[in-house]
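Now for the letters of each chain:
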Amino acid sequence: METSTLTAEEEKKQVKKIKRSETWRRIKRNKMIYLMILPGLIYFLIYKYLPMYGLIISFMDYKPYLGIMGSQWVGFDHFARLFNSAEFWMIFKNTLILFALQLFIFFPIPIIISLMLNEVRHSFFKRGVQTLIYIPHFMSWVVIVSISYVMLTLDGGIVNAILESLGFQKVNFLLNEDWFRPMYILQVIWREAGWGTIIFLAAITAVDPQLYEAARMDGANRFRQMWHITLPAIRNVIIVLLILKIGDVLELGFEHVYLLLNSSNRNVAEIFDTYVYVAGLQQGQFSYSTAVGFFKGGIGLILVVFANWLAKKFNEEGIY
Amino acid sequence: MAQRRISTGSRVFDFFNYFLLALLAIITVLPFIHVVGSSFATSAEIARTKFLLFPTEFSLQAYKYIFSTDTIFRALGVSIIVTVGGTLWSMLFSVLTAYGLSRRDLVGRRVINFLIVFTLLFNGGMIPTFLVVQQTGLLDSLWALIIPVTINAFNMIILRSFFMNLPQGLEESAKIDGANDFSILFRIVIPISLPAIATISLFYAVTYWNTYMHAILYLADADKWPVQVLLRQIVVLASGMNYDAEAYSDVPPPEVTVKMATIVVATVPVLLVYPFLQKYFAKGALLGSVKG
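Which chain is which? The protein sequence lines are A and B, in order.
Residue 320 is where the first sequence ends in our numbering, and the numbering goes up by one at each step.
Residue 292 is where the second sequence ends in our numbering, and the numbering goes up by one at each step.
None of these hints come from the bench; they were simulated from the model.
Remember, it's a predicted structure, so these values are computed and weren't measured experimentally.
Incorrect hints may appear among the rest.
[Unchecked claim] With a straight-line Cα cutoff of 30 angstroms, these simulated DSSO-like cross-link-like pairs (lysine-lysine) come out:
1. Lys-19(A) with Lys-224(B)
2. Lys-63(A) with Lys-224(B)
3. Lys-12(A) with Lys-28(A)
4. Lys-31(A) with Lys-19(A)
5. Lys-175(B) with Lys-126(A)
6. Lys-31(A) with Lys-16(A)
Let the sequences and hints guide you as you build the complete structure.
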């Protein structure tokens with residue numbers, strides 16, 4: 001009996017040894033592949049992971065001339081200051097409202113456009129529409145905002161000229177607080193709605209045409225076909241994108257908002273990203289602004305994990 | 001009877017569907033046409049007709065004006081250098097990493113993949129990244145627009161899934177013939193992946209051309225500003241043309257046409273590559289494979 005357990009143990013050791021040498025063999029065989037990955041890996045370590053380590057300065061009173069090693073620890077002081085500041089709730093609210101606009105107004109639009117495009121039977125028409133509606137995605141935010149600016153400006157802007165000729169009052173869209181949010185979301189729709197259809201259209205191509213045939217036989221009209229066949233077929237893609245969108249909760253586009261921001265609309269336009277930029281790089285409060293950014297990024301991460309968990313709970317695939 | 005009713009409903013549906021989509025497409029491009037049209041208009045016509053799409057009198061006045069100093073040439077030069085150099089740089093790193101990670105027998109592949117995907121969900125944020133850029137000595141150098149964004153994780157993942165879907169047999173037979181991994185990548189894999197490589201290159205190129213945020217974060221020296229920053233200065237900040245004011249000593253032409261012309265100059269290169277982009281991403285499957 002004793003000998004048999006010994007041999008079993010020995011056998012295990014032997015297997016482990018073989019496995020390990022097999023792993024080593026595989027690593028050695030692929031040494032050139034590791035060499036290929038190395039530059040990319042170094043990039044991610046330096047420019048993605050080192051900044052994550054740099055988040056520790058949000059618990060310090062970071063002084064550039066002292067460096068991370070020499071600066072004083074202050075615990076949660078910067079976070080406390082953030083939560084107690086009068087501006088915190090203003091920024092929080094602004095960020096949340098823009099996020100809600102993204103989620104409830106922008107998100108469904110590409111889905112609707114793809115459903116509509118899917119019903120087009122003349123491929124030249126479909127391709128023509130696609131070609132045109134993808135264009136704005138390739139424009140920078142500077143171009144999008146600049147075009148809006150020259151069209152909306154009070155002196156000589158086309159929109160105010162039209163309003164005037166129709167007998168309405170001119171509107172100062174660019175400085176008016178009430179117009180910031182509509183302008184923001186319309187620009188997002190203009191730039192991204194068309195491009196957003198790509199992924200849904202790709203998912204729709206996987207739908208079996210026989211399903212539509214069968215539905216027609218059953219007397220389903222075009223709306224019912226969309227609702228009962230196309231939409232369920234792309235449900236998983238919709239959920240994945242929804243999770244990613246929720247994870248992006250606070251990624252509302254620094255560039256975009258920063259370009260629209262001015263002193264008159266600041267009350268509605270200041271969001272976490274723009275606040276970090278102003279407090280950090282313009283006023284030099286490195287630690288405080290890092291704490292603000294950390295808070296924002298942390299919430300984003302928690303939300304994406306939560307959304308993914310929720311999707312799994314409802315037996316959907318999720319993103320990981 | 002029933003057949004007939006369905007087909008009428010279907011026709012009404014088609015009518016509205018086509019009509020709305022056409023309208024959407026027109027509304028999407030109308031602002032661009034307005035801007036291009038206005039940039040070629042004379043100042044008199046701009047003042048007379050407000051809603052202008054096609055000028056009746058063709059004028060290059062605005063373009064002559066913006067090209068009369070070297071400000072715009074310098075900015076365009078910076079943008080071209082960053083776009084061409086950055087795209088080559090990014091593609092080199094992205095292709096190498098994507099190909100390496102597409103090899104299924106690689107030990108540690110899952111961990112590395114996770115490390116890369118995680119950067120999409122969480123990052124250090126603007127200030128810590130700025131400090132790293134500063135520490136690595138990139139501030140005020142054009143490299144600051146390139147090195148910190150060497151690999152876009154999304155683009156790398158698209159490339160990786162493209163490589164993973166290539167037939168395995170090709171590599172195997174090349175290996176039997178004694179080719180090493182680098183020559184397999186450059187002699188076999190890249191030549192048959194040109195559509196994917198072209199698409200991702202164009203994505204990178206557009207991103208580099210459109211770069212704005214990194215320029216205002218990392219470059220204090222106005223001589224190194226790319227064209228997007230200049231555009232921003234001209235359209236929004238310089239209502240009184242306070243940038244390089246002396247340089248434009250002539251009688252100032254209507255600001256509107258100049259703004260329009262600058263927008264066009266900053267946009268045209270993207271529109272030039274657009275047909276090529278369109279050709280490749282029409283095969284939408286490429287982007288559909290992002291997941292997984």
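Outcome of the hint check:
| no. | hint | in the structure |
| --- | --- | --- |
| 1 | Lys-19(A) with Lys-224(B) | violated (56 angstroms) |
| 2 | Lys-63(A) with Lys-224(B) | holds (28 angstroms) |
| 3 | Lys-12(A) with Lys-28(A) | holds (24 angstroms) |
| 4 | Lys-31(A) with Lys-19(A) | holds (18 angstroms) |
| 5 | Lys-175(B) with Lys-126(A) | violated (45 angstroms) |
| 6 | Lys-31(A) with Lys-16(A) | holds (22 angstroms) |
Consistency note: the structure conflicts with the earlier hints numbered 1 and 5.
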